[in-house]
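Mind docking these for me? Both chains are given alone in their own frames, and the hints should help you get the complex.
If you read the sequences in order, they're chains A and B. Here the first sequence stands for residues 5 to 592, where the numbers follow the working numbering. Here the second sequence stands for residues 162 to 508, where the numbers follow the working numbering.
By construction, these hints were calculated from the structure, which means they are not laboratory data. Just so it is clear, CB atoms sit at the ideal spot from N, CA and C, and this is done for glycine as well. Heads up, a few of these hints could be off.
[As the list claims (entries may be wrong)] To spell it out: a stretch of chain A is covered by chain B in this simulated footprint if at least three of its residues, at any positions, have a beta carbon under 8 Å from a beta carbon of chain B; those stretches are:
1. 53 to 67
2. 112 to 119
3. 124 to 134
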Amino acid sequence: MGARAALAVFLVFIATAPLLLAKFPFYITLMNYIALATLVSLGLVLLTGVVGLMSFGQQAFTGLAAYTSAVLTTMYGVSPWIALLAALAVTALAGLILGVISLRLSGHYLALSTIAWGISLYYVFGNLQILGQFTGIDNIPAVSVFGLKIDTGAKSYYLNWIFTIAALLAARNLLDSRSGRAIRALRFRSVMAESFGVDTAALKFIVFFYAALLAGFSGWLYAHYLRFVSPHAFDVNAGIDYLFMAVIGGASHVWGAVIGASLLTVLNEWLKDLLPELFHQTGNYEIVAFGLLMMLLLHRTPDGLMPFFARLLRSGKTRPRPPAMPALERREQPNPGELLLEVRSAEKRFGGLVAVHDLSFAMNSGEILGLIGPNGAGKSTMFNLITGVLRSDGGEIMFRDERIDRLRPGEIARRGIGRTFQLVNLIAAMSVLENVALGAHLRGRHGTVAAMLHRERKEEAQLLSEATREIDRVGLGDHLYAAAGSLPLGQQRIVEIARALCADPILLLLDEPAAGLRYAEKQALAQLLRQLRAEGMSILLVEHDMQFVMGLVDRLVVMDFGEKLAQGLPREIQANPAVLEAYLGGIE
Amino acid sequence: MNSDIVLWLVQDGITNGAIYGLLALGLLLVFAVTRIIFIPQGEFISYAALSLALLQDGRLPGTVFVLVGGGVVAAVFDIILAVREKALGRLPRIVAVYVLLPAAMAAIAWWAAPRKPDLWLQVLIVMGLVVPLGPILYRIAYQPLANASVLVLFIISMAAHYVLTGLGLVFFGGEGLRSSAFSDAQFQWGVLNITAQSLWVVFASLVLMVGLWAFFEHTIWGKALRATAINSIGARLVGIPTELSGSLSFLLAAFIGAVSGILISPITTIYYDTGFLIGLKGFVGAILGGMASYPLAVLGAVVVGLLESFSSFWASNLKEAIVFTIIIPVLIWRSLTSRQVEEKEEE
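Isolated chain B (complex conformation) (with noise of 0.2 Å):
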């Protein structure tokens, strides 16, 4: 191995890494504020993936009709929720919400599948069909369920990721897919040969981390996220709703998965069900860090990021086995420094 491999390699973590750092952010925001263990995260990556490429190949993504279906029970679910509770008043929002929206951005991607537009106007396209995915998705799996215990969140999120799955195969079909690069550049730097790919990556990265402590730190909704995964009793005292606080960070977390998957897509191939896996490095990178801080977290990710790039050069056949045993040892160090608190009964 010679110096020009291992900035090759460096590159390459890094760029995954950025993306492994997107998503242990959503991860976390998730399980901070509702306690959630956010699995069906990677399947956001794949839809938006597929999405980008299926729009690039002048092709309407099977996403629309999960969006679609997905609104219409979120609807149901809430207008059942409406007349029990006598309060019609919120009839139109929620058919706004949940019913026109979906099919305003539904009409919209078919209107443009076949006209083939533009490379910024497919990406607010996907973002437009995967984003309101994350609520819809909140409403119907975990709010009925805010108030149990993690555990039970967990097996909703193993549930919520085998539906997502599932209908992934359905609508894009079990062919891989990767969308055209945003640019073919490159630049020479020294001995290295970086792509704007990767610059782009990063790049799109860093925004959308800054973007997100500009949103925590100077916005009412981002102190109110805050607020909740402190005290969430507390923020329910002040006035901040429970199933408030859970959809909004549902809709950041689909908003960074959307753009995670949107900025993969040109570097592997994506499958109805890579993004498990993908999301799930997101994890071991959070956990790398932590699990409690966000700037660890994207560090513990870009680790994981160098740590597969380098072992698909030694060992490429162990590549996952080894991200994914490195958690072990992180584990064992966390148990050892952390005080475990007993589970209260639910009575």
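So here's chain A without its partners, still in its complex pose (with noise of 0.2 Å):
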């Protein structure tokens, strides 16, 4: 079966369980907790599945979300449309508030901030006059829709589930796009996304953001399904739930989402029945079940049961290329022989250690530079100079006129500056094709909102007929839709190139590209990047391979203790007394 008929056999199993279920409505009710819980488990499948920030405090939007709704409606006398208005707004403005302290934090100090919003905030439902206290707020009245009152477990079914798979196929959406890509990389490669022009910081605040609201959705279904709230449905424990039902689906994937929710709600009502006639005694057993049933899940398969449902539906079918689609639109080349960078006194200490003095070079457009020198002669802190990824203590960095040395890494690559890594820098799980088309970020322009709407299929289309040319022009068009991380190193290095590429660069810079090479891995990139400059390219090469410099570049800078120590042509290089001492230790 495939994930379309998969997702088709969903929606007709949601549609029609009412029907089915007309006799037994405890499922009815049990099916719009499970909505209910898998809004706010979605949000936590992006937060903390893709990007890796776990929170334990979503319960705090959907409570405020709930009694935002309540008071207004109990109170006021507002409508619950316009009260889901405000109890969004609500949300918002704490998403916004709390997002600013907290994604700064790193790791395990979100979390914990998490938990302690999620304490503070029960504890003021609790003891607020207004929030009913303890008790909570009753009578909060029925979703109107069209005139029809919402007022049924059935009908409030439709309400839940629409909303439930309205933001599935939004998250589903928004994974499988520009944004996507970019949010993907957040986790484990937010250097490497920069340097691409993604804006980080943003990305991982509209993922929070988005979270929230979801939740802050949940808690006005709730709070008008239920027609009751009180602080109980939002204590910590509430919280650890739904980041334990992500975390069970599968915290990666989209649809893990429902099948957390769906087993801890089930599993929930199950074990509350069971367990104390099974020990003849009332008591919490089911937190017990779910503690051990995490426990057992992390010790064994720690990417949750996603994964086992994604193999069932697999298709032997390979997939199709991405169609051919019109070129983006390119940048304007300069002219072959233009002057293109210039590295004027550029000047780097790490403390008492000066990494690069004096250091100035310049490099024409249509040529290989090569930047040598033996380990530790400060190459690579150089090349971060150029990037922007460290920052200069003197000197100036020129590129076509303009100096860049102050901008940052995504600003460098807007210029035209595309970059490989020296440690492989791809998102290992991810395809060839989407890690190359990562690297034309800059040359989309639809952002997240588009993307969940799919408003923006036309430039994908694009983006990814841009990565599939790069690709083959690399010479791996075969390995599309191969995991980049099974790919053996070499050709990984290659896909670097290709995305870099894929920026439409003007300048091309490779970090020590043929290191932990084979021979014939060694070959094979000397001969594509001698095929890039015959179309025109123009590529700084950093390595301290001699061997693989010499037949390759036009012309040479060599650095020794973080100065110049020699440049030329390669022959004038391998001539060079200097850099025979610097290299072999002198000549006896």
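Right under this line is the structure:
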């Protein structure tokens, strides 16, 4: 069964379930709870599973929205739909404040602070007079849709599931888009993403905000479905349960939210009845079971249950290549021989260590310039100064007559400098095609909202078509859909080059592309670089492998101890006594 | 508010703060050595406090079932591993540590409970029941994932918290218990009325803190733990196994949790789930202190205690909300001053 067919079966099941289960209202109730829980845990799938930010505090947003709507509709007679806007506004404000504060925190601090704000808010709900303290607020009016009162479980069912399915599809669309590729890079590859112009801080915030709003929606639906709110629905355990749902389902898959929410909700109801009967004593047995289930799952399959379901769906068909689309707009390329990059007296110190001192060189369009030197000569530091990863302590770096040494990596990328990484920096689980398409991030314009609604399909097709073209150009056309991490190192480095090419660069910066490659792989790499030069590309190559560089580059700059030792044509450098001394430790 | 009330609130705050300080030490210790955010510390507090109260009442604390059951599970884990690795020589030790020792402790508690022994014997029995739970918990929940990321370990902590809280309700029931004070004496010091109980708490906390310091400075085990905290790979290379340092840090943390529970049980009524919040206050203290320095963590915890006691005077309903909100400005400050490091991909 293919993914499309599975989706269709799921939608048909959701649409007809109330008819099939009409005689069992209990199951309708259960399905309603599943929908509400799915909304919240979907936010956590994106936030925790995809981006790697853990929150145990989503119930705080659910509670804020539920209480806002409850107060407005019961005390001020506001329509539930107006109250929805107010509830979302309150949730958004809280999300804004907490997001700005918390997203700067690293891993466990963020998780601890979410617990803290969750507990705080629980006690605020439970102690404020206006919110009915621990008794809560009842007699919340039902929602009306076009005059139809949504006042039974079966009617609420459709309202709840329409919101939930819309959110699921929006999240699926989002992940399968230009923004989605960038979001999937946030967890482990944010430095790389920045280098291709992704605003990682903004994207993290958007995901956090979306997760908060989903929790808010769930809270509003909850308040008008149960017609009653009390603090107990928003205690710490609710927040833990939501996270468990996301993890059990498979925290990096949108549909994992449905699986996790269903499993835990059903299990919860079932265990609440079964276990006390079994032990002849009432108690919180279900949380013991949840805890054991989580431990067992994390000990056995940390990826959750979704991969198991995904295996059932995998069809034997190979996916077609993305259709060729009209090329994206290209930037104006400089004339061959034009001055491209000029480094003037660059300086970089780390504490007392001078990594780069008074280094100057220039390169022209259309050439391959090698920056070489023994290990520790300061080559990579120089590379990081040009790409904006490090900030220089002195001197200037000019790119096409513009100073770039004070710009951020993304701004430098925008000006036409594409780069690769010394340690391969691909998203291992993502396909070659998607990894390469990430390089074209700055060539697309549509944002997250357009992506959720799939209003950017034409641009997306163009981006994928461009990525396919670059993959063909470097000769990996047979591996479009292979997971990048499954390729051998040599090919991974080539994927990195294709990704840099996808950004339509004027200058390509390669950081030790031959490191760790076998002889034949080096030959293939050199051949590719020659081919790119023949097509007019300018390449700055940082390397310490003399043999690899000599037959390839037009000119060389040699560094040692942070300073320029020599520059010139390869054969001049090979004969230079100072260079030989630096590399071989002197000639007797 | 007059100066009497201020002094009384300060005394109250320092008493609670001393307990939070102990907990902060335990949490910091576990985090430094194992990178585990040790949420279930709170359950050790509840277990110890409730066990003591039940012993005073002449009843057998349900902790014995958790201890013996947990020990058997841990033993099964280790026996499977030993059989798989064909190292059957380990079996006697496994059985002795995880089965016989807990069973012996349970038998002592069963024998002693109806006889209502002296307070210090009760305390010893409680320690014997609760402290072994630390290494048992480590063995069952964490050891299989010793190399997992901080966030996975965090989820495991939450799962362990669920299991232990749920079992707490099963074995202790939903009623709150309070043990009798170690001493009813009071001292008049100026205008201040000092209870012997709070002196006991502060004194015991100080002794324990000094004891921990001596342990880390002057024993080979303490030094091994410090080495693991600084560089776990380096520690492994010089022959300090990860499991050993993990187990040892959990033993110490459970010891600290049990002492805290015993100290707090005459002060507050403890329910099966009270420990969670108390433990989290220890975390707030440790975070106020920057999650790195032991003395600062204790100081942070005392600040939490004082904040709690003053806010219970001004806005007693919102006491908890205030204590847990304080963490947010501190975290902002932390996040502005610390550098973020990108997580490594687990491949």
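Cross-check of the supplied hints:
| no. | hint | verdict |
| --- | --- | --- |
| 1 | 53 to 67 | holds (count 3) |
| 2 | 112 to 119 | holds (count 6) |
| 3 | 124 to 134 | holds (count 5) |
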